[in-house]
Each structure stands twice: as structure tokens, then as C-alpha cells.
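Visitor: Sequence:
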Amino acid sequence: MTTRVEVAYQSNNRLGETPLWCGRTNRLWWVDIEEPTLHCLDPASGVHKQQSQAASFLGSCALCETGGLLLAVDLGLHHRRLPDVPLVALAQVEKGLDNRLNDGRVDQRGRLWIGTMDNALHRPNGSLYRVDPDGTVVRAFGDVIVSNGIAFSPQGTTLYFTDTRRHRTWSFDLDLDDGVLHNRRPFADFTSDRQRPDGTCIDQDGCIWMAFFGGGTIGRYTPGGRLDRVIELPVTNPTCLCFGGSELDTLYVTTAWKFLTDEQRAAEPLAGSLLAIEGVGKGLPENRFAL
1 MTTRVEVAYQ
11 SNNRLGETPL
21 WCGRTNRLWW
31 VDIEEPTLHC
41 LDPASGVHKQ
51 QSQAASFLGS
61 CALCETGGLL
71 LAVDLGLHHR
81 RLPDVPLVAL
91 AQVEKGLDNR
101 LNDGRVDQRG
111 RLWIGTMDNA
121 LHRPNGSLYR
131 VDPDGTVVRA
141 FGDVIVSNGI
151 AFSPQGTTLY
161 FTDTRRHRTW
171 SFDLDLDDGV
181 LHNRRPFADF
191 TSDRQRPDGT
201 CIDQDGCIWM
211 AFFGGGTIGR
221 YTPGGRLDRV
231 IELPVTNPTC
241 LCFGGSELDT
251 LYVTTAWKFL
261 TDEQRAAEPL
271 AGSLLAIEGV
281 GKGLPENRFA
291 L
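Residue numbering for the sequence shown follows our numbering, starting at 1 and increasing by one per position.
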């Protein structure tokens, strides 16, 4: 079966990441981590806005229950209430390590789960953290190279987590009452073919959609860990995904041109663009940080 991949916005991101659909405004948010820039697209009108951030890295973003966004700026979290109002610091997640914040996602109780990663991409300096609405930061575990692929089952009681540079994805039981992870277990292992699993999202059937950086594909896995669909893309580096649109039936995919040679970039004019795929499923509303 042939699946049509559209261009939602030709954004030319060096490292596009973390697409989030806001159902209140019918807009899509995402970041370019290394520029660093916050992007917003109104698909109905085609209006696109962007805002550069004073940082080395803009790791990810999350929607807030009270409005605005929570931004992962270098190693700290900041609330962006309005475009022209200064950011308000919420929490410093780490200090003293050559790390940055990377992928994050909010659970059903309004807590943010976010990971750090090694800037050199090979040292196990990173960790996964839970950030409570009052700014309390709790370290769940360490020994992580590149934190990625944080997502939750439709019931919210399973957390998925990927270490891209270890080529593995795990699942955990999440106690929604106390916010503690239990029963770490393998979900998918890519060590044999050295694929680089990146960002993920969950559909209404509880299947896990995963982007493969450097692999030029996205894949869907059943809750039992079986790959049941692969979609080839016109770019080498898909990074993350989310479902959006009024019916949550458009799959948006951020991409990157980072690590591509000049020749590869010339051959991939869509590298760094925001892509859209229709008719592959429906998603779930994004949880909001209970700031």
C-alpha cells in the first residue's frame, strides 16, 4: 500500500523536533533544537511564525494547562506565557555536566517526563527525570546516552523510553498516583542493525509510531512490540511525530538536515521540513503540564 507524504511546511530545520498539536488553537508547535527556534503553524491558513530563543539548545516543548508553553532551554525549564513576555524559570534540571535537555512528554497527571543527553553523543551522562507541576525535579534513572522517544499508553500506565545511541526502547509500568516507574523491560531492540530510534507518539489503538533518524522511515509497533507498518519518507532524518488536525488524523513528522553532506542536502530538498501523512490512524490529545 502506497502512502502519500505531503509537505506541511518547508521549514529547513537543522534539527526539527517535538511536534505538538494544540487542540485549543488548532496550531502545531515544534522546535529547531540547534538554531534554536520555536515554530508555530496554522495548517488551515498556512500562517507560520517562528521565534528565536536566547540559548545554545531548545531541547523540546510542552503545552501548559494554564496556557503557553514549557520550554526546555539548555538544562532548564521555562514557562513561555506570551510571545513578547520574558520567559519565567521553573526548574534547573541538571548542572555541571556536558549535557542538554532533549525529548519530553507530559503524563495524564500533568507531570513532565524529560531526559538529558550527552552533547558528545557517546558518554552515559544522561538521565530521565520527572518534573512535578511545582517545579520539583525527581531523577528516575541514569546511565543514558541520548534520551528520546518518551510516550505513554492510552491509559497512561505504561511509559516508553528510548536511548537512541544504545539502539533500544524500553517500557515501564507507571503508577499514576505516586509518579514512580516500575518493571523496566525491553520493548524493541535495534542493536543488530544499528538503527537509531528517535521520537515517538501513540495512536488511539495504543500502537507506537517511531521515527528512525538516519533511516529515512517511520514505523508503527503494536503494544506487544511487533512492527506492523513501515512508511518510507523523502528524507534521511525523521526525528519525531505527533497526530494533529481537528480529528487528530494527520500524522506530522519533523525532520533534520543535521549530519547530511552538501551532496545529500542537494538531493534532499525537503530535509528539515515538516511533513504530513493522512489516513494512517488517529491520535490522542496531548497532555498538558499542570503549571
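Keep in mind that the hints were calculated from the coordinates and are not lab data.
Some clues are possibly wrong.
What follows is a set of in silico ranges between Cβ atoms, one per label pair, in the way DEER data are often shown [what the hints assert, rightly or not]:
#1 Asp132 with Asp173: 31 to 41 Å
#2 His122 with Pro186: 20 to 30 Å
#3 Asp132 with Leu227: 14 to 24 Å
#4 His122 with Lys49: 35 to 45 Å
#5 Leu82 with Asp193: 23 to 33 Å
#6 Gly224 with Arg81: 39 to 49 Å
#7 Gly224 with Thr191: 14 to 24 Å
#8 Val180 with Arg81: 27 to 37 Å
#9 Asp178 with Ala267: 14 to 24 Å
#10 Thr191 with Thr261: 24 to 34 Å
#11 Asp178 with Val47: 34 to 44 Å
#12 Val180 with Val47: 40 to 50 Å
#13 Leu176 with Leu227: 21 to 31 Å
#14 Arg226 with Asp134: 17 to 27 Å
As a list, the in silico DSSO-like pairs of lysine-lysine whose alpha-carbon atoms are at most 30 Å apart [unchecked claim]:
#15 Lys95 with Lys258
#16 Lys49 with Lys258
#17 Lys282 with Lys49
C-beta: ideal position from N, C-alpha, C; glycine also.
Visitor: Are there hints from earlier that the structure breaks, and if so, what are their numbers?
Guide: Violated hints: 1, 3, 5, 9 and 14; rest satisfied.
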